[in-house]
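Required output: the full structure, derived from the provided sequences and hints.
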Amino acid sequence: MNHKTPFVIKRIVAVSLLLLLLLLITMFIGISMGSTGSGLKAVLQSLSGEKGADSMLDTIVWQIRFPRVLLAALVGATLSLGGLVFQALLRNPLAEPYILGISGGSAIGAIIGILAGLSRFPGVSFTAFLGSIATLVLLLIMSSGQSILKKNTLLLSGVMVNAFCSAIIMFLVSMTQNAKLHNIIFWLMGDLSMSDIGQVGILAATLLPCFIILFLYSHSMNLLLMGNEMAQTMGVNIRRVTTILLVTTSFMVSSTVCHCGLLGFVGLVMPHLLRLILGPDHRVLVPACILSGGAYMVICDLLARLLPQQGEMPAGVITAMIGAPLFMYLLKRSKR
Amino acid sequence: MKKAVEIKGLSFSYSDNEILKNLSFSVPEGEFFIIIGPNGSGKTTLMKTIAGILKPQKGSIQIFDRPLKEYARKDLAKIIALVPQMAALDFPFTVTELVLMGRSPHLSMLGFEQEKDMEIAENAMALTGIDHLAHRTLDQLSGGECQRVFIARAICQEPKIILLDEPTASLDLAHQIKVMDLMEKLKKEIGFTVIVVSHDVNLAAMYGSHLLLLNAGIIASLGKPKDVLTCHMLEKTYNCKLLVDESPVGSFPRVTLVPRSEVVELEDGVNL
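Sequence lines, in order, name chains A and B. Number 333 in our numbering belongs to position 333 of the first sequence; there are no gaps in the numbering. Every position in the second sequence, counted from 1, becomes a number in our numbering once 1000 is added.
A portion of the hints provided could be inaccurate.
[To be verified] Now the stretches of chain A that chain B is said to cover, found in silico as 3 or more residues with beta-carbon under 8 Å: (1) 225-238; (2) 242-254.
[To be verified] For the chain B half of the interface with chain A, some residues (derived, Cβ under 7 Å), not all of them: (3) ARG1073; (4) LYS1074; (5) ALA1077; (6) PHE1093; (7) PHE1112.
Worth flagging that the hints you see were computed from the coordinates, not collected in a lab. Since this is a predicted model, take the numbers as computed values, not measurements. Note that CB positions come from ideal geometry on N, CA and C, so glycine has one too.
Pasting the structure below:
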């Protein structure tokens, strides 16, 4: 391995460019394919804004598929990055927003927001954020002290928090007659179909600063992996760094949850795959997670759109079908 | 001689359990200072307060004549490095990556290393004899190798004081000597102040320029090895029968355990 001066920087740039290409390719595929079969050429024409393109296809591509694919990419990026950050913070390779119940907490917040008649942004986003922070605090209290380092305490707490959140969600759904919640079950399984370009734009604008903040703290995450005490003696201000990471990640995750419900296990798949290929340096992993997490979600969503003969299935079905077996495998292996 | 560490009236408690009771002592620069004492006497706690990890409720700690609490984390990390007791890592960093992390306090937030940092890391790895392991990941190493990786990381940090928490606890005989020899070398050649917490009174006798014997959070004895490691003092502190004589391999005391001795009446009242 060559370790000359800006080796890490070179590596970050190379990995990012490669994965950016991958993301763009998957996004292009995602935009070109759909229930309305149409040739690649026509889609290309429409994308490039060429005159004479089919105006019907134009609408489908720009009003329906493009925002949806962009939303999928943003959500995938956020959840993968969220998984990566939680794994570093809790020093547990199995941590992930969904498994820890943080996504569930956001969903409760979001439902309460919807029931209270708030607008999706900023109202519901804010209640979702409160929900995620509340579950996070609950989780930290339950596994407080040094025991947070022990895998089982944390995972068990997460399972309990998650189960509790699901119960509350079902309770709320059953108690209400609110018409707004008619397709809530679909939404809960992770649904990307409610995307409109304006909202996706707002989401992108809120997520990008979070991505940047988390990248700036990527080296601190490396140091955190050695334990809080060691990280402190290497100059990390634990309290500040932990707070920033937790709040930023919760904010990010809750913003996506109120757009597309609960997408499980996304935060598990990508960080693990990338760590196997790229090693554990977070300065490389953060951009890699953002880009390939986006690509992964775009593909999952594409499968969810194309596989059923009629209609479509929630994307969360696909992510859980891939992610849950992987989780079981990792859990088994980590007990060696 | 400058004082690397000066402690006055230091007390520390976990809730109502007082671990350290009104300690005062100082460690001159360039010392090989070893803290010994029975289990639960507060050795590790003392080390953590010096490292700035635990905040004492009472008393003051000065590092090079400046109060510890006035240091920013990053500035303190440029002066004090800590080698923990066997750190477990679930994430597969390579030896080089881990040693390089020691540079963090000297670098920007993202820790991008320059060529100079790479050289410092390579030197540290050569000093600790782990250069041949550079590209291995930590989970492929033995306990002794791991220990040396963490020591290399601490050296790479270029501190003035290096703290080691029971560095020899899980090492075989050869590695125990190697680690202590290395610390002595660092002290002599680079001028490190070395502070070690150890269970091994014999290693302490061989290498320590000064020893601090801690018992139930109080300084039982402080001074040169031959003054601290007396039979009477050690039997009283450790509550067991011992034999102390001069070592046949040098002018330092040798402590020998006496098996099946009658005197034993252990603290918790268990009779052997």
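A quick look at each hint next to the structure:
1. 225-238: Coverage by chain B holds here, the residue count being 11 at a Cβ distance below 8 Å.
2. 242-254: n = 0 at 8 Å, threshold three: violated.
3. ARG1073: holds, 5 Å
4. LYS1074: holds, 4 Å
5. ALA1077: Holds, about 4 Å.
6. PHE1093: holds, 5 Å
7. PHE1112: holds, 6 Å
Checked against the numbered hints above, the structure violates only hint 2.
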